[in-house]
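Protein chains: 2
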Amino acid sequence: MAGGARQFVTVDGAFPLHRGGVLSRPTIAYETWGEPNRARDNAVLVFTGLSPSAHAASSPEDPAPGWWEEVIGPGRPIDTRRFFVICVNSLGSCFGSTGPASRNPETGEIYRRSFPVLSLEDVARGGQEVLRHLGVESLYATVGPSMGGMTALAFEILFPGRSEGLMIISSATRSLPFATALRSLQREMIRRDRNWKEGDYTPGALPLTGMRLARKLGMITYRSAEEWRGRFGRERSCEECETGDPFAHSFEIEAYLEHHANKFTGQFDPNCYLYLSRASDLFDVADHGASVEAGLARIQSKRVCVIGVATDILYPLHQQQELAEQLQQPGREVQFVELPSIQGHDSFLVDMDNFRPAIAAFFSR
Amino acid sequence: MAGGARQFVTVDGAFPLHRGGVLSRPTIAYETWGEPNRARDNAVLVFTGLSPSAHAASSPEDPAPGWWEEVIGPGRPIDTRRFFVICVNSLGSCFGSTGPASRNPETGEIYRRSFPVLSLEDVARGGQEVLRHLGVESLYATVGPSMGGMTALAFEILFPGRSEGLMIISSATRSLPFATALRSLQREMIRRDRNWKEGDYTPGALPLTGMRLARKLGMITYRSAEEWRGRFGRERSCEECETGDPFAHSFEIEAYLEHHANKFTGQFDPNCYLYLSRASDLFDVADHGASVEAGLARIQSKRVCVIGVATDILYPLHQQQELAEQLQQPGREVQFVELPSIQGHDSFLVDMDNFRPAIAAFFSR
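Just so you know, the protein sequences line up as chains A and B, in that order.
Heads up: the first sequence at position 112 corresponds to 982 in our numbering, and the numbers run straight through without jumps.
Heads up: the second sequence at position 154 corresponds to 1024 in our numbering, and the numbers run straight through without jumps.
A few of these clues could be false.
DEER-style ranges, computed between Cβ atoms [what the hints assert, rightly or not]:
| hint | chain 1 | residue 1 | chain 2 | residue 2 | range |
| --- | --- | --- | --- | --- | --- |
| 1 | B | P1200 | A | E1105 | 42 to 52 Å |
| 2 | B | A1231 | A | R1202 | 43 to 53 Å |
| 3 | A | E1105 | B | P935 | 37 to 47 Å |
Capping the alpha-carbon separation at 27 Å, the derived lysine-lysine pairs in BS3-like fashion look like this [as the list claims (entries may be wrong)]:
| hint | chain 1 | residue 1 | chain 2 | residue 2 |
| --- | --- | --- | --- | --- |
| 4 | B | K1133 | A | K1067 |
| 5 | A | K1133 | B | K1067 |
| 6 | A | K1067 | B | K1067 |
| 7 | B | K1133 | B | K1067 |
| 8 | A | K1172 | A | K1067 |
By construction, these hints were calculated from the structure, which means they are not laboratory data.
Note that the structure is predicted; figures quoted are calculated from it, not measured.
The C-beta atom is built at its ideal place from N, Cα and C for all residues, glycine as well.
Let the sequences and hints guide you as you build the complete structure.
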């Protein structure tokens, strides 16, 4: 199989969801890079954060840079000359996988809010559907940053013994109330936009204001005060300084947020955003046992690497330290890596000088 | 003069503002507690954070608890048996002082967005108008938490030598981009509310949704992840858990934010909030010299105490450490106090067990 651009697997029949409800014949989009080896033990399954597509890296079929371009590819930390890499677009998302913006084949209508409550366990099972389709029965490693890390934990718990290795980056066993508050407020910004209309917005009147506000808050939580202090300080973007409007976006940081929020808005379906955001809040490893520890005890991977950064306010470092400690058990090698990145939660996307070697070390054995 | 409830001073004539524009005969509301002593050297001037009124403590005339009830009063850290305490409602606010919600005496119309750009220097000068009215020429100390700390710095810079002591709590010489981003987004939430109408909202149709969202974001930034982790964890408020609405506020932290945001909304005028919020972003000690250091060099207080807490994400501790270092000079006693409060920026309002003794130590001499 050639590495390629977006491919699809459609589940044959009913797909019951973790918290109730059933999807009929959902589709999961994915991309792959590299080739399965003869022993069929070189597959790496990558789950994504909330907003990316399956396009983690470029390929001849889709030369656009992927969201983890510097991590996945020939000669890259997850070396596609050696590994067969599979990245899955989350169930519930809007980049080819079935989600609230998809049409329900039973009714012919777009799901919108009739989509059942989404859980990261469902996203993990979407990944398993892709593996089944590809005939991949064992994995060299499962990898997930951010929400993808929670999904990777769900996958390991639901399908124990499938994956030799596990790499969790800037993630957690469950959300703490500070992160939940921030996500809840983002959802409320979208839901309060009069164009949201309880999810029944039209293509010509999307809740763009709510999405823009939510994205700005997202960006504030994804980066760090330390980074912005050095990068923006109190610089002014003077195109607007002199308008006399006391609320013009006159600081560079305001112009930066405006620019990036506008880039994002319109690319991501609002209902999909709401469902995936809520799934991140709902996820709790303790749902799979009497406690977080009991849930984690289901995981069978032999090699684990947990990576975090101290400037992450969304998934603070202590959550990743705890995860690494909770995963310790006889016969397992657990590595906890704290990287000195100042870009906060998003460091895994931007601080490649620190992340490349940390990821490469795990995959170079 | 008896300690009393709200009093007023109205400036006789024009009051030019720091960044241009003039107010005609503005009023400043204030409250006082205790009595001036014979030497007239026992006055303490308190500036407030963004949202409080001048009602910092109860009195026979207004027995409702004030926002700093445990700090100001007989036998309290700022002991009103010894000190003559004056708390000023900020110019631009809506609790008796002139602000965007007040009527312009020149036109008979409510100022709304015709109010000139507000600066904390103007708020400081409002305090000076109160002192002039009361015949207070020298102060035992000037005190300010949060935005009030920036206002206290402005006061000391504009009126050097007036105050023997200076206490700055959880504040800064200027806002960093992270804090500006958070405040800018709060303002945008209000301005994007269709009821805001460029400031021309009506009493029957206030931009309450924007205010509620802004207040929730404010609360997230005023407290700390650490506090909420211990206080709320992943507790559910089950009145809403079972409605089947995937976006119901089912976590305790969501219910908490909703409850407190609703309490605040309707109490504070939206335009006043916008102006004071922006004034906090605009303030920069470096506007009073070639640098922050040069601006601070104008301050003449002989005793300075700077208090901060490590869990404050809005005015991080390092800003207060820097302020204390920058204020060091021969002949001045500078004390920097780091308190182990876990309630973040708002600790000065709630963690009284730590704050009372720290404040009392400064005022007990």
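request  = Find the hints from earlier in the document that the structure breaks and name them by number, from lowest to highest.
outcome  = 1 and 8
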